[in-house]
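Asks: Below are the chains, spelled out letter by letter.
Protein chains: 4
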Amino acid sequence: MIDFSLSDDLLELRDRVRAFVRDEVIPLERDPRQDAHGPSPELVSELQSRAAARGLLSPHVAPEYGGLGLDHRGRAVVFEEAGYSPLGSLALNVSAPDEGNAHLLEHVATEAQKERWLRPHAAGELRTCFAMTEPPPGAGSDPTLLRTTAVPDGDGWRIDGVKKWITGPVGAGVCIVMARTSPEGAERVEATMFLVPMDAPGIHVEEQLSTLDSQFVGGHARMRFDGVRVGADQVLGAFGEGFRYAQVRLAPARLTHCMRHLGGARRCHDIAAAYVRERTAFGRPLAKYEGVGFQLADNEMELRTCRLLVWHTAWLLDQGAEAGEASSQAKVVVSEAVWRIADRSVQLLGGLGVSDETVVARIFKDIRPFRIYDGPSEVHRWSLGRRIARRGGPVET
Amino acid sequence: MIDFSLSDDLLELRDRVRAFVRDEVIPLERDPRQDAHGPSPELVSELQSRAAARGLLSPHVAPEYGGLGLDHRGRAVVFEEAGYSPLGSLALNVSAPDEGNAHLLEHVATEAQKERWLRPHAAGELRTCFAMTEPPPGAGSDPTLLRTTAVPDGDGWRIDGVKKWITGPVGAGVCIVMARTSPEGAERVEATMFLVPMDAPGIHVEEQLSTLDSQFVGGHARMRFDGVRVGADQVLGAFGEGFRYAQVRLAPARLTHCMRHLGGARRCHDIAAAYVRERTAFGRPLAKYEGVGFQLADNEMELRTCRLLVWHTAWLLDQGAEAGEASSQAKVVVSEAVWRIADRSVQLLGGLGVSDETVVARIFKDIRPFRIYDGPSEVHRWSLGRRIARRGGPVET
Amino acid sequence: MIDFSLSDDLLELRDRVRAFVRDEVIPLERDPRQDAHGPSPELVSELQSRAAARGLLSPHVAPEYGGLGLDHRGRAVVFEEAGYSPLGSLALNVSAPDEGNAHLLEHVATEAQKERWLRPHAAGELRTCFAMTEPPPGAGSDPTLLRTTAVPDGDGWRIDGVKKWITGPVGAGVCIVMARTSPEGAERVEATMFLVPMDAPGIHVEEQLSTLDSQFVGGHARMRFDGVRVGADQVLGAFGEGFRYAQVRLAPARLTHCMRHLGGARRCHDIAAAYVRERTAFGRPLAKYEGVGFQLADNEMELRTCRLLVWHTAWLLDQGAEAGEASSQAKVVVSEAVWRIADRSVQLLGGLGVSDETVVARIFKDIRPFRIYDGPSEVHRWSLGRRIARRGGPVET
Amino acid sequence: MIDFSLSDDLLELRDRVRAFVRDEVIPLERDPRQDAHGPSPELVSELQSRAAARGLLSPHVAPEYGGLGLDHRGRAVVFEEAGYSPLGSLALNVSAPDEGNAHLLEHVATEAQKERWLRPHAAGELRTCFAMTEPPPGAGSDPTLLRTTAVPDGDGWRIDGVKKWITGPVGAGVCIVMARTSPEGAERVEATMFLVPMDAPGIHVEEQLSTLDSQFVGGHARMRFDGVRVGADQVLGAFGEGFRYAQVRLAPARLTHCMRHLGGARRCHDIAAAYVRERTAFGRPLAKYEGVGFQLADNEMELRTCRLLVWHTAWLLDQGAEAGEASSQAKVVVSEAVWRIADRSVQLLGGLGVSDETVVARIFKDIRPFRIYDGPSEVHRWSLGRRIARRGGPVET
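Protein sequences, first through last, are from chains A, B, C and D. First residue of the first sequence: 0, per numbering that gives the first Met the number 0; consecutive thereafter. First residue of the second sequence: 0, per numbering that gives the first Met the number 0; consecutive thereafter. First residue of the third sequence: 0, per numbering that gives the first Met the number 0; consecutive thereafter. First residue of the fourth sequence: 0, per numbering that gives the first Met the number 0; consecutive thereafter.
Bound conformation, chain A alone (with noise of 0.2 Å):
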């Protein structure tokens, strides 16, 4: 029966995962191993270590790999812990891209590719990547116009193709890759997914984007497979699996972000309601001013509904459901009202919040690229809006 009480083990967890968040992450944000492509490799490995003095690391990962074995409304709530700073994901390990990585390794590879790829990863000694976006006309919105192909060649396959949009790729150690293997023209497109190390030739990072957000470390690259071999132990899972694979790691996957970015939108709130309690205007506090407060009532309104979204997703996923159209829905509100919530932070810290001299301007730049990562708010409307016209009868609840 409906019941949104939390476990005791889960409270515990969570009230773990905030302290250290308050006490050594958040310390570190502005420490000077970062810019604009992200946090370096050092700093990172500085977080996770601390993380994994706590017990912290990994959570999402099963006990067996190394990790603590939260299910999908576990993660909700220690995500939106972990995303209170920009960098709380990366200590705890379960940024994207790693963090979808992981979920699809331990759902689809073989126990040697699970030993080899997803134990080091869930122990904080190895970063992944997942390439599957191409520049135009290949894969988008529209997975099926794949030009990245894998070709038999010898007892494997051969890489070709040009990939943008890829998170992470500098300093990772392996890369998931999305290529066609299905002919030049078949009539039906098919996909497989391989796992390929970083430092197999022909991998190419052509080109780190400069973009808004700057809380991936290893930023968005442009990346080249030039001729790149795989043998049969790096199909992941199955062959021709590509595209299933594709939906098995996407519903969760955009899910954790709004859970990470949940936290994010709060951090802006408590920054912003403190700096309105404490400023002045004309004698009195900003915060007793309406055009402040109605702002804060709307962040902390939002902040509640965002939660329940995600939650009730994530109960659905724990039940098995496919929640491919809950988690379209999810992400949909949930990115626009953390865009909401960070942007009236910025506007009730005035000057302050365009300025760097609080991690809101940061967070606010994180979180703008939601509404295109992932899936456009169009695209998934457009999604949904199919999916109600093809629907009979009134609306199921």
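If you are wondering where the hints come from, they were derived from the structure by calculation, not from laboratory data. A virtual CB, placed ideally from N, CA and C, is assigned to each residue, including glycine. One should not assume that every hint holds.
Stated by the list, open to error - Derived pair list, reagent style DSBU-like, types lysine-lysine, alpha-carbon separation capped at 35 Å: (1) K287(A) x K287(C); (2) K163(B) x K287(C); (3) K287(B) x K287(A); (4) K287(D) x K287(A); (5) K113(D) x K287(B); (6) K113(B) x K163(B); (7) K287(C) x K163(D); (8) K113(D) x K163(D).
What the hints assert, rightly or not - Computed beta-carbon distance windows for the label pairs: (9) E277(C) x F281(A): 23 to 33 Å; (10) E277(C) x P26(B): 39 to 49 Å; (11) R389(B) x D159(D): 30 to 40 Å; (12) E277(B) x D8(D): 51 to 61 Å; (13) P40(A) x E41(D): 35 to 45 Å; (14) E206(D) x G239(A): 51 to 61 Å; (15) F238(D) x E186(B): 52 to 62 Å; (16) V394(B) x F242(D): 37 to 47 Å.
The hints should help you fit chains B, C and D onto chain A, whose structure is shown.
Replies: Chains B, C and D in isolation, oriented as in the chain A frame:
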């Protein structure tokens, strides 16, 4: 632990209510026994008899007084179904102001009062009204402005005053009257609630107000209390507890408004969605146009977030939480969201949406006042903002 | 060079209209000769007699036919004043559909037709209606779906078909009927407009529609043309020009809707502003609360931007520009802004706003359909977007 | 009478500025002589030399001091063109704060001051800054909190205090300093403006602030005035007129921000529109999708309404009107609309929009602070609301 499932009993009840609304209530929506001030008492009696025959009358009332004893979460589910038709809440006897009055009686009335008023009310034999709001400069958003007085008179009191925006007095059997019982000029205003039969000498319904909404039986009215005499057994619960009782009634009452209107909004959406699936323009069903599909998607996202917010608040109430802030947030978010849903549904229906050919325009007019009734959005945002201003530290999660 | 001043003549006329509306129209707003389908013909006659007595009748019609010959800018100023009361446009004879019909007659009718229909109409002796829209699957947003036909019959034509959403036929003297005059299955659909006296055999007003708005005399209706015979002198202007004439009528007609509703929105704002200056809560006038003051400020900003957009579009029309895109933009922006203004005004008035104690709720209901009538916002945005998609290069300024 | 045409001279000038921006300014947008604090003085010199060569430098300054003598309407047209590139305003010498300072000097400086500062500034030989805002608890939205003082010292004054958010001091030749010249504890605070060469002993630029925007040469800084001595000839205009002069500068200065940002927003839209015309998804150009086309349409509607509002306010200023309320409205509406336009343009560009591959992300970051600079929207709405509250009677038209 977080759980969004419904018990089997509740699911079964929900489905029975849904079937009842579909089969017996909706067919009566165009019944001529209705006017601008709502359905007639005769129509309501017929509806309630039908509900009683199916065992669905007064589901919110405790079994010992003839109801089904639903908790707040159960009400959330059932009242949403009832609200699917403008006549559904009346049919189940869960319409405002009766539902809130029954809740109040159950919690604070004496046993004798419950026997006299609650039991027949739960059986559909008696309607009730609640007289608190007064015309300016009397009690409104600021309840301490209360001007209606109850002054000692023999072994009882004499009530004098004017009330406005009183819902449903025409045809009601009893009125709960809020009156000031502290002397003129006392430092602290004290109020008491009295149970007054509507046929008591000195009660006058002076004027029925014409408003956008027409869902309440007996409409809204201006009442005058002209030396109405009451005895000690007519003090609802305890003397001097009027303001506290108003709070007991308030948080759940505004939440049940959310439940019912959520059902109304869902109805609007279902009608609009069915229409755009059928109707074509330039050779395509309207639903295939993004300008239409996006609105459908927004409707479903908002229906879902509203429902989660209502369930969460209901759960808080079921835990015995005060929930004033939570229900205030729910009231703001839901009242504004259901209005947008109704508005989009009108828009999707085009000319049909602004005509009375569907029930949508009627629900649209019923929903608009909810952004004002039970505290305008601005008063809630002001109050929520004040709480945040006073509160130290980060937002609680 | 850019200039926003009004000529002395226009200022004088504006002030006279303003005084007329204040002194003679507003006092009749509660006249009982009105119902859900609008004011009665008798009430309109009285209003028009009063306007005529002040020399204010039909200001848009050319002087040679009895009007004041205002250009589009002059209409913008005068119609806004007229729209300040729901009865003002009818009083000045500038209400839809008459005003658009007069414009059309003046531009395309033969001299004989103008003498027969335009002159008495301008004198307030005759009302007109315009029958183009049809029930599905007929002509709506897509006019080429036209199903009403005029087929040759002796020395004239015979008109058969059904029209819906026709404004004002009850009590009208003449109807402009749009009918298909190309044969069944012709490659290109051709249409012709006919002038048909409302007492012609075969014209039936089948049903009056109940809608949110009640500002049009004669309401909206469903009409049937059942073998209505017309002669060559009843072809409005030239044969086969129906679609072109519809465009001649369209751009100015939707702009004059903007003008009138702008006046209505201003009225709502004035009433709300006066109320919040008087009414107090917690010891301060409501207007001193930011949650109120911000809404007042938004109202005035939107009133101003709407007016500028209307004036600019009117100026374009006065320059002889086609102005289809400009008037489409104005229609979208103004219809949505006046709706927000009316909605805020309702909100500021609280319970009063949703009751009929002020005229605001009435204007609120009159304004809502404007987002649908004359093309829903979605159809305009779709059409504007298509133009931009087709256009090369930067936006023109 | 209402007229929206531009004079031939102005059209010709507009087209020359447009060509200059296209041919000489935009190609320099990726010039490396820029960083987070804006373009370097060298880059600005190069840009201004090019503008001077085309006779386009300082078009707002009176001809007798070397400019083109544009009135406010002329500025509206020309500054929008300049703002089409983040470097365009600097190139024409019409960027903030210089442009406002030149306006102020022209209106209140002595002839000798104009010769010394205005003439070389207009020739591009000297930049200026304006030091009014102070860190809390000093002068901000409430200017009477002014804490920087100028106290009599020999035949002149000694200035002491701290200023913050001062735009462009690095590299400037002169600073207009606002200081309190009433004694401590005086009933009425009096302020005076002084012209201080930036190389005067005691002026310190303590810190350059990192902000979202990077369009101002010299960035924003914190300044300290440490016993800076000034003589009588350095009093700008008249002694004790500081607050009045601030108003003289204010209304036009915030309007010129609107003009420039309007150009920036138009640029964003043009880039996004060109992209969606080219880029395809699922076999169609993006521009053909309604979810895209609607955003394009909204952009153009908002560009148009902003332009009209700017023109109208400029016309009021040209008539000699005080225009404080009008420019305050324009500031709110335009700052919020250009932000939406920039945001939609980012969205339409997808990943490209959040990267630095186009200039859109840069303009997006430049525009956000405008909702805060020159008075946050909330302060303007508060002030506009107060005016309405005080005003009796209906809205003036």
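Asks: Could you run down the list of hints and mark each one as holding or not?
Replies: Each hint tested on the structure:
1. K287(A) x K287(C): Holds - the C-alpha atoms of K287(C) and K287(A) are around 14 Å apart, at most 35 Å.
2. K163(B) x K287(C): Satisfied, since the Cα-Cα distance of roughly 25 Å is no more than 35 Å.
3. K287(B) x K287(A): Distance of about 48 Å is beyond 35 Å: violated.
4. K287(D) x K287(A): Measuring from Cα to Cα gives roughly 48 Å; hence the hint is violated.
5. K113(D) x K287(B): Judged against 35 Å, a Cα distance of about 65 Å means the pair is violated.
6. K113(B) x K163(B): The hint holds at about 26 Å.
7. K287(C) x K163(D): Holds. K287(C) to K163(D) sits at ~31 Å (cutoff 35 Å).
8. K113(D) x K163(D): 26 Å, holds
9. E277(C) x F281(A): 23 to 33 Å: Since the Cβ atoms of E277(C) and F281(A) sit about 25 Å apart, the hinted range of 23 to 33 Å holds.
10. E277(C) x P26(B): 39 to 49 Å: 47 Å, holds
11. R389(B) x D159(D): 30 to 40 Å: Holds, at about 38 Å.
12. E277(B) x D8(D): 51 to 61 Å: 59 Å, holds
13. P40(A) x E41(D): 35 to 45 Å: Holds, since P40(A) and E41(D) (Cβ atoms, about 37 Å apart) stay within the stated range.
14. E206(D) x G239(A): 51 to 61 Å: 59 Å, holds
15. F238(D) x E186(B): 52 to 62 Å: 55 Å, holds
16. V394(B) x F242(D): 37 to 47 Å: 40 Å, holds
The structure fails hints 3, 4, 5 (numbered hints given earlier, in ascending order).
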